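Novice: What follows is the residue order along each chain.
Protein chains: 2
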Amino acid sequence: MSLVIGSIALDTIANRHGRRERLVGGSTPYFAYAASLFEKPKIIGVIGEDFPGEILREMEEKGMDTRGILRERGKTFFWEGAYSEDFHSRETITTELNVFESFRPTLPEGYQEERNVFLANISPSLQRDVLDQLGKDRFIVMDTMNLWINTARKDLEEVIGRVNGFILNDEEASGITGCRYVMDAAEALKKRGPDFIIIKKGEHGSLLLTNQGFILLPAFPKREVVDPTGAGDSYAGALMGYLQEAGEISPLSLKRAMVYGTIVSSFTLEDFGLERLRRLTRQEVEERRNLYLEMLSL
Amino acid sequence: MSLVIGSIALDTIANRHGRRERLVGGSTPYFAYAASLFEKPKIIGVIGEDFPGEILREMEEKGMDTRGILRERGKTFFWEGAYSEDFHSRETITTELNVFESFRPTLPEGYQEERNVFLANISPSLQRDVLDQLGKDRFIVMDTMNLWINTARKDLEEVIGRVNGFILNDEEASGITGCRYVMDAAEALKKRGPDFIIIKKGEHGSLLLTNQGFILLPAFPKREVVDPTGAGDSYAGALMGYLQEAGEISPLSLKRAMVYGTIVSSFTLEDFGLERLRRLTRQEVEERRNLYLEMLSL
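Just so you know, the protein sequences line up as chains A and B, in that order.
Counting in my numbering, the first sequence runs from 1 upward without gaps.
Counting in my numbering, the second sequence runs from 1 upward without gaps.
Since the hints were derived computationally from the structure, they do not count as laboratory data.
Remember, predicted model here, so these are calculated numbers, not experimental data.
Be a bit skeptical, because a hint or two may be false.
Now the in silico label distances, taken between C-beta atoms and shown as ranges [unchecked claim]:
#  : chain 1 : residue 1 : chain 2 : residue 2 : range
1  : B       : Thr-92    : A       : Arg-128   : 45 to 53 Å
2  : B       : Gly-63    : A       : Asn-211   : 35 to 43 Å
3  : B       : Ser-89    : A       : Leu-97    : 38 to 46 Å
4  : A       : Lys-191   : B       : Ser-89    : 52 to 60 Å
5  : A       : Arg-71    : B       : Ser-89    : 29 to 37 Å
6  : B       : Arg-19    : A       : Lys-191   : 55 to 63 Å
7  : B       : Ser-89    : A       : Arg-162   : 36 to 44 Å
8  : B       : Glu-287   : A       : Glu-286   : 32 to 40 Å
9  : A       : Gly-18    : B       : Glu-96    : 52 to 60 Å
10 : A       : Arg-128   : B       : Arg-19    : 46 to 54 Å
11 : B       : Glu-171   : A       : Thr-151   : 47 to 55 Å
12 : B       : Leu-70    : A       : Pro-251   : 52 to 60 Å
13 : B       : Arg-162   : A       : Glu-85    : 27 to 35 Å
Backbone N, C-alpha and C define an ideal beta-carbon position, used for all residues, glycine too.
Sequences and hints are given; from them, build the entire structure.
Specialist: Written out as structure tokens, the structure reads:
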């Protein structure tokens, strides 16, 4: 099963479709809900006393392993943001670290041996703490965000040098490398050590670079966006979930995993927060995947 | 056969790979060289006394019908431009209309009956002159450029309302519609009348909108660009050339035509001006197309 470590949050989100308060968010829940369509991901994280028990129970019902989620005294990490009218940018209004401030990830017994590990977006020093606890021969994929590029560059570079795969968005890829073009950015990142780089380009699809070269895939065509929060994390969750299900890492399985990332993230956009993922079924994913394959049947 | 009407020019191009003087360019030659890989396009345009006879002879050898190219006293339309270091923008240094200034397109005997017509990038009023000379039941596709969006908006809108297809790049689509997102721009353009809209997104691929919905295709992955001039016109030439060869217009043939546009334009970038197209063979196109189909074999 995949092991995922990252942030668990309560998010207040405002955009042109309205405002939703204290929705469950953070990189890890988006990842885990998406991955749970394919496997039973193990979650490492921390929540406060205000975290809704209903969601924890639902996660368990969906097969996620929540034994690695610590519940601490105090409040859950809180983020409030507002999107621009056209969703092209977003402004952070509030960030309260709360219980996340003193979080040091510790892997429960047996977790060290999970082969597939995803280091979702948290500080590079916490990502490194996890790396130091893992046994050898893991398949480790990481994400990051702009904040760490600016504030923890050295730690970030160290972690990039220790992972098998790096999945990030186009802005982050440009931010780290200084390259305007995504293919240039991917090559520059790959030279830092990972076996593969995946860059998510939103409406423009995504890109894979391995030793075998580049693979470019388009987005699933979808105009209506209700809330883009978590789309990237659910792309990663579906990708890692499918790789776990497929049982092998190869250029072909990575490509197919990207298709699942593309499809699942296209659903995430359809409602606020986790809402669409909470009611998403594997059958819906397969139906939309068939439309996508038909679009690319040339 | 396809009929193409547009500019024929001599271009001086400077970029980080060097500077080339008075290369044959303009929308029509790029279109026609690309189309001639599939069919024998008929060209309407005007050149001056300084146009290289070697290129005219080569066009004929490649099966292009040049009887519609008028040779006038004076100089050929001249353009000089310089690209930024990263090719993201270009600056026009000189534009001399020369013989193009008084050009009024007249279709030679028999040309009125060509079914497939491409109105390459020239002023919308000249595009309309051609439309007025055509018989009924033509299949007409148009291109445009930012200049006309700003200076001839009313004529441009009239022509858009009279064509079957509109193929343009993402900047132009945003310029005409005011939409930031290409899918929104495509929907706004389609409402103006055309049966289909194709938007070229450079490194991000291209998009088709028909009554059956959207098709998104990625670019052919290619990092090295020697000169992007004419890539869009050769995309259109390969698209129209393939449609002529296929003998039918359908969502499937349009999609396959986009693949040829994608492949042929990826060659155009490999050398200055027309140089790569001049020596490009159908076999090279098919070989690269097979790599593209393999990339999208999921």
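Novice: So which of those numbered hints doesn't the model satisfy?
Specialist: Checked against the structure, the hints that fail are numbers 4, 5, 6 and 11, while the rest are satisfied.
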